[in-house]
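Chains as they are written, first to last, in the working numbering: chain A, 1 to 339; chain B, 1 to 339; chain C, 1 to 339; chain D, 1 to 339.
Just so you know, these hints were derived from the structure itself, not from any lab.
Honestly, I wouldn't trust all of these hints.
[Claimed, not checked] Straight line, CA to CA, 27 Å or less: simulated DSS-like cross-link-like pairs of lysine-lysine:
| # | chain 1 | residue 1 | chain 2 | residue 2 |
| --- | --- | --- | --- | --- |
| 1 | B | LYS231 | A | LYS232 |
| 2 | B | LYS236 | A | LYS293 |
| 3 | C | LYS66 | B | LYS253 |
| 4 | C | LYS231 | D | LYS232 |
| 5 | C | LYS232 | D | LYS339 |
| 6 | B | LYS231 | A | LYS231 |
| 7 | D | LYS253 | A | LYS66 |
| 8 | A | LYS66 | D | LYS66 |
| 9 | D | LYS231 | C | LYS232 |
| 10 | C | LYS236 | B | LYS253 |
| 11 | C | LYS293 | D | LYS293 |
| 12 | B | LYS293 | A | LYS231 |
| 13 | D | LYS236 | C | LYS293 |
| 14 | B | LYS293 | A | LYS236 |
| 15 | C | LYS53 | B | LYS339 |
| 16 | D | LYS293 | C | LYS236 |
| 17 | D | LYS293 | C | LYS231 |
| 18 | D | LYS53 | A | LYS253 |
| 19 | C | LYS293 | D | LYS232 |
| 20 | B | LYS232 | A | LYS232 |
| 21 | B | LYS232 | A | LYS231 |
| 22 | D | LYS231 | C | LYS231 |
| 23 | C | LYS236 | B | LYS66 |
| 24 | D | LYS231 | C | LYS293 |
| 25 | A | LYS293 | B | LYS232 |
| 26 | D | LYS66 | A | LYS339 |
Given the structure is predicted, the values throughout are model-derived calculations rather than measurements.
4 protein chains.
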Amino acid sequence: MTKPKVAVVGYGVIGQRLADGVARQKDMELIGIADVAPTLALRALAERGMPYKLYCASSDNASGFKAAGIPVEGKIDQLLDKVDIVLDATSAGVGMKNKQTYMKKGIKAIFQGGEKNDVADVFFHGYANYEKGVGKNYLKLTSCNTTGLIRAVDCLDRLYGIERVAITIIRRVADPGDINRGLVDVALVEPIPNHQAVDLMHIMPHIDATGLLVHLPITHGHIITVIATPKKELTKEQAIEAFNSHPRIRVVKIADGFNSNTAMFRYARDLGNPRGDMYEIAVFEETIGFSGKDIIFAINIPQEAVVIPETMDAIRAALEMQKTRDEAVALTNEYLGMK
Amino acid sequence: MTKPKVAVVGYGVIGQRLADGVARQKDMELIGIADVAPTLALRALAERGMPYKLYCASSDNASGFKAAGIPVEGKIDQLLDKVDIVLDATSAGVGMKNKQTYMKKGIKAIFQGGEKNDVADVFFHGYANYEKGVGKNYLKLTSCNTTGLIRAVDCLDRLYGIERVAITIIRRVADPGDINRGLVDVALVEPIPNHQAVDLMHIMPHIDATGLLVHLPITHGHIITVIATPKKELTKEQAIEAFNSHPRIRVVKIADGFNSNTAMFRYARDLGNPRGDMYEIAVFEETIGFSGKDIIFAINIPQEAVVIPETMDAIRAALEMQKTRDEAVALTNEYLGMK
Amino acid sequence: MTKPKVAVVGYGVIGQRLADGVARQKDMELIGIADVAPTLALRALAERGMPYKLYCASSDNASGFKAAGIPVEGKIDQLLDKVDIVLDATSAGVGMKNKQTYMKKGIKAIFQGGEKNDVADVFFHGYANYEKGVGKNYLKLTSCNTTGLIRAVDCLDRLYGIERVAITIIRRVADPGDINRGLVDVALVEPIPNHQAVDLMHIMPHIDATGLLVHLPITHGHIITVIATPKKELTKEQAIEAFNSHPRIRVVKIADGFNSNTAMFRYARDLGNPRGDMYEIAVFEETIGFSGKDIIFAINIPQEAVVIPETMDAIRAALEMQKTRDEAVALTNEYLGMK
Amino acid sequence: MTKPKVAVVGYGVIGQRLADGVARQKDMELIGIADVAPTLALRALAERGMPYKLYCASSDNASGFKAAGIPVEGKIDQLLDKVDIVLDATSAGVGMKNKQTYMKKGIKAIFQGGEKNDVADVFFHGYANYEKGVGKNYLKLTSCNTTGLIRAVDCLDRLYGIERVAITIIRRVADPGDINRGLVDVALVEPIPNHQAVDLMHIMPHIDATGLLVHLPITHGHIITVIATPKKELTKEQAIEAFNSHPRIRVVKIADGFNSNTAMFRYARDLGNPRGDMYEIAVFEETIGFSGKDIIFAINIPQEAVVIPETMDAIRAALEMQKTRDEAVALTNEYLGMK
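With the sequences and hints as input, model every part of the structure.
Structure, rendered in structure tokens:
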């Protein structure tokens, strides 16, 4: 049986990690990546000897790659002709335009959270609504915060039922090294509700969700505090057990030194993970508590890598590689090393 | 009738503002301040021509003041002999030691939030439990976050009844210019519950409160998101009206540019407030929303000045200047210019 | 004798402070200010009771002011008809367009550092080239860093002669509360030479200047390290004496607690200065040293207010209020309270 | 021939990287590491399956490791008995105490920059004074900033002669995830001269060096601006060529996106380097310029990893593995992948 062929279009923060993620899926084949300009990410790829083949996404910039000494395999058209599915990780809004090309070529595509929902047939989360994506042509992933949040809420929902969720998102305002965004000594408040709560309700319509979001001058991961109303009462121990048994959630202890978003990043670096990335969200064990019967907890969202597993799931769904969530996520988890 | 005589011991971030606050109370007399070393705050006071008289709190350091060109009126003992009440704004833990002296001298004292509760006869908040402080010898104020939080919760509680509160505190990790504390690119998570929730329950024992706290690299004010369960249902408009009618709460709009803790600080600077201080907490209007019947909102706590009004209230209570909350806070508010 | 009539166009970070500065000059009259939208700065002005009259700079936005409850005196045209000179503190580039109006009206104007040099007849610094501005119609001020840097270099140059300067600017990336700029955990390096060195050579053509600039995540003032080659050798004591005798320079000691840009800001707040502003630059005494015969030192530039005094000087020059630098700066200094 | 046996004592930020560095030297053998408590670094090592053997450096804490599920091979005594040399990467001051043990055991040791100079027989830099370390028992490395600075200065010195150096260090105040240090919105100024300049003169006594240091709220690398007086005049192209031919220096272009300390970190992550580390310092090409005949440039110091190569050199020197600098650094560079 031939493996599905995958392209990654847009080799930025997310695109790089998608390419790595596909390369680790033993039942998929990464044909190549496409981008428009010789970014640092592509210079690094060249210095590593071009483990992935690069296709030029803009005729104007082939010269740019050449000048930068970055080998180009061909044009994006040639790449698209070879693949079954595209992971589009371009800047927000570009995916919508690219979709026309994908449709003409008759290839499926998976878009990231920055695109509008109507770019896709289904708004997708590997754990929460896998079956809705099966066989679909165009899927859109939830954003980083929503992806991580849904992991935790879905985990409890399947065991105890969740009726209502209210969250506070402490949002990193920029990725490491991003010089185009930033805040200094400012906590920037957004109106209620944040889009993540709205998106959660889109994916999990049986839950009433809302919440606030504050942008903060940090780069290594978001922190979300969650207050959730369960249908069945649960204890702290049960919550820990539920989270612990989820392959994409780590339960960590503040007392052990896992006391911040950046401690998680540092730990991922020390684990030897490529780029110091972590696919798992973390639940800080000592933050689990109760207000009445509502459960409270805080999670860490490693924004650079958290959506990679669910995007792998999306490929599986779109290409009908697995029919059920459990089969699909098991393979994604295995190949990405999440136990 | 002679005015009550007040001393401020400890002229740091809080002490300076307490001195200013007392100086603005037309029915009190600031006799002097005391400190141990020629800090920048005291150098600034000297450059301003010593509007307050300084008493040396440590025999060793009189020479320090002299070398710095800061005029000293006498020793702290002399100051204490002249006053009816002391506002102790020394570093956490020092107040407890100082209390022995105050007891010996037979003078009343008000301590700040950093001291342990047992330093005082009553844990005090001007709006929430004024009457408990009337005539007491030793009062301890709530900390900055708790003071501001209780203002907002008490405001709703008196009108609609509040049963339960869960909060997320986005805490400034250091005051402006503090080089002894700080975080860079870190969101530091604390175990549940934060002391502010516990303290709120101490002051308002009919409320079930809990919450999380995350330290962030900001200096100009805390942000607290609150989810509160009211006994009587209320609308957003009612909440706005309640907050708006509270002299120590400002309702501000994100759409108008009041979008962050630092926007509030900047506004206070532009108002011409001394030190760019603001006594009022702010409620961001667009953050008011509902999760079920629970009300949600976010407030800004200007940590440097927020406790000043409630400390003025405490003087009024301890010295029995006014017997009721309404009389007391009205005078404090008038003298501090809060309408 | 009637006082010269002054308008301030643009009431942002600089414009507010220019208005305050003019209001403090006893020999000038501030007729009014103009702006286009109800910013926080104008809301604060309204809350203060409109000490300055506001003229609407955009017909479209009069309704905006009205909706915000900010009284408007009239249109900018009416303001310009009443004045002898405009201080244009609009966003970079707008001043150039406004100049057409000023020319038509036959009024003089002073532009800030963000405009291109050719907006003006002369690129001006009150201390370094006052006489060049006398009687001119259009003057452009140096930017905040250049203004402060030139103060220090000119101070030494007049006494010891300075041949060569190399600087490193540690630049605050945003003003307090600015949410449109920012860096998180990044030191952003600019190519050599920085414009400040180039501008210094423009104002002081006998000096060879160059240097580097790094943007950092701070808001309360720039730090510049200077290495300068004097013609006549000087000692540390002589340098301190020179700086100390300059009314717009403070010599401060790290050992006293003046150890950072933010310590200077905090001190200015504690001094009771409006908005916590400081007009003076600071030289950190313990940073004065030598490399060979070259003198090294570090200065603090309070970016929000540092250009105000030199802009007052510029009014004096343009309107020929004083013919010489010494007369002019003496009056500016007196009215602004710099001894 | 048996390979020299090496231990790493202290498995913190530096110790981890020293262990990795030794493990990559094909002509050395890493026997084990020692530490006192189950830090995140050791938890990460355990999660990776303990590629290095851990010895307990404190009898009290063996239980701590056990509780944390971290396998312990034995006590530090057992480790020391097996090795020829120790890399001591404990906290500043501890190395001095440990030295007594190393002396008793008759094993050599290499200390890091935090220790006092008199802990060692020689203050060492692999490129600048390798020969002084040959055969010595106790070597102390230069600190991260000094190590990187000397690389650049030594590189030019050997070709053009350097007489005088003045530097400005923009110092990261904390490592990523460090919650015990930090500054928020502060640029903290140190007196002249910084210790790095003093240390440079210790290693390169023919150079007159001084400079300033400012602590800034960043974590991903220091920036140093250097102004150096060469004996022979050199051009920008010659400087670039000199730096480019140095295996431990990268010349990077701001125009290519290498515009900050954090861009360098991000690039190292994208290169797939373990922990996102970089051994090389970077010279920003567009910062190279001249003030008179003095050369100016800015370098990036990746503080977490920069000292690793020179520490490997130190092992080579102490154990007389290579007699000359050129032989030694060539092997270190080859094994660490620096071309």
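Tested hints:
A threshold of 27 Å between alpha carbons decides the hint, and for B:LYS231 with A:LYS232 the separation of about 24 Å falls inside it, so the pair holds. With a C-alpha separation of about 25 Å, the suggested pair B:LYS236 and A:LYS293 falls inside the 27 Å cut-off, and the hint holds. The hinted pair formed by C:LYS66 and B:LYS253 meets the criterion: a straight-line CA distance of about 16 Å does not exceed 27 Å. Only pairs whose Cα atoms come within 27 Å are accepted, and C:LYS231 paired with D:LYS232 is accepted, the gap being roughly 24 Å.
For the hint linking C:LYS232 to D:LYS339, the alpha-carbon distance of about 48 Å lies beyond 27 Å, and the restraint is violated. Taken as a hint, the B:LYS231 and A:LYS231 pair is honoured in the structure, with Cα atoms around 22 Å apart against an allowance of 27 Å. For the suggested pair D:LYS253 and A:LYS66, the alpha carbons sit about 16 Å apart, so the restraint of at most 27 Å is met. Straight-line distance between C-alpha atoms of A:LYS66 and D:LYS66 comes to about 55 Å, which puts the hinted pair past the 27 Å bound.
For the given pair, D:LYS231 sits about 24 Å from C:LYS232 by alpha-carbon distance, which is consistent with the 27 Å threshold. As the CA atoms of C:LYS236 and B:LYS253 are separated by approximately 53 Å, the hinted pair breaks the 27 Å bound. A hinted pair counts as satisfied when its Cα atoms are at most 27 Å apart, and C:LYS293 with D:LYS293 qualifies at roughly 16 Å. Distance hint between B:LYS293 and A:LYS231 is fulfilled; the C-alpha atoms sit about 17 Å from each other, no more than 27 Å.
With a C-alpha separation of about 25 Å, the suggested pair D:LYS236 and C:LYS293 falls inside the 27 Å cut-off, and the hint holds. In summary, the hint linking B:LYS293 to A:LYS236 is supported, as the alpha carbons are separated by about 25 Å, within the 27 Å threshold. Taken as a hint, the C:LYS53 and B:LYS339 pair is honoured in the structure, with Cα atoms around 24 Å apart against an allowance of 27 Å. Between D:LYS293 and C:LYS236, the direct Cα distance comes to roughly 25 Å. Compliance with the 27 Å bound is thereby established for this hinted pair.
A C-alpha spacing of about 17 Å is found between D:LYS293 and C:LYS231, which places the hinted pair at or below 27 Å, so the restraint holds. Of the supplied pair hints, the one linking D:LYS53 and A:LYS253 holds, its CA atoms being roughly 25 Å apart against a limit of 27 Å. This hinted pair checks out: C:LYS293 and D:LYS232 have alpha carbons roughly 20 Å apart, not beyond 27 Å. With a C-alpha separation of about 26 Å, the suggested pairing of B:LYS232 with A:LYS232 holds against the 27 Å cut-off.
The suggested pairing of B:LYS232 with A:LYS231 holds, with an alpha-carbon distance near 24 Å, which does not exceed 27 Å. Restraint check for D:LYS231 and C:LYS231: satisfied, since their Cα atoms lie roughly 22 Å apart, inside the 27 Å limit. For the proposed pair C:LYS236 and B:LYS66, the alpha carbon gap of about 25 Å is at most 27 Å, so the pair holds. Taking the CA atoms of D:LYS231 and C:LYS293, the gap is near 17 Å; set against the 27 Å cutoff, the hint holds.
With a CA separation close to 20 Å, the supplied pair A:LYS293 and B:LYS232 stays within the 27 Å bound. Taking the CA atoms of D:LYS66 and A:LYS339, the gap is near 22 Å; set against the 27 Å cutoff, the hint holds.
Hint compliance for this structure: hints 5, 8 and 10 are not met, and every other hint is.
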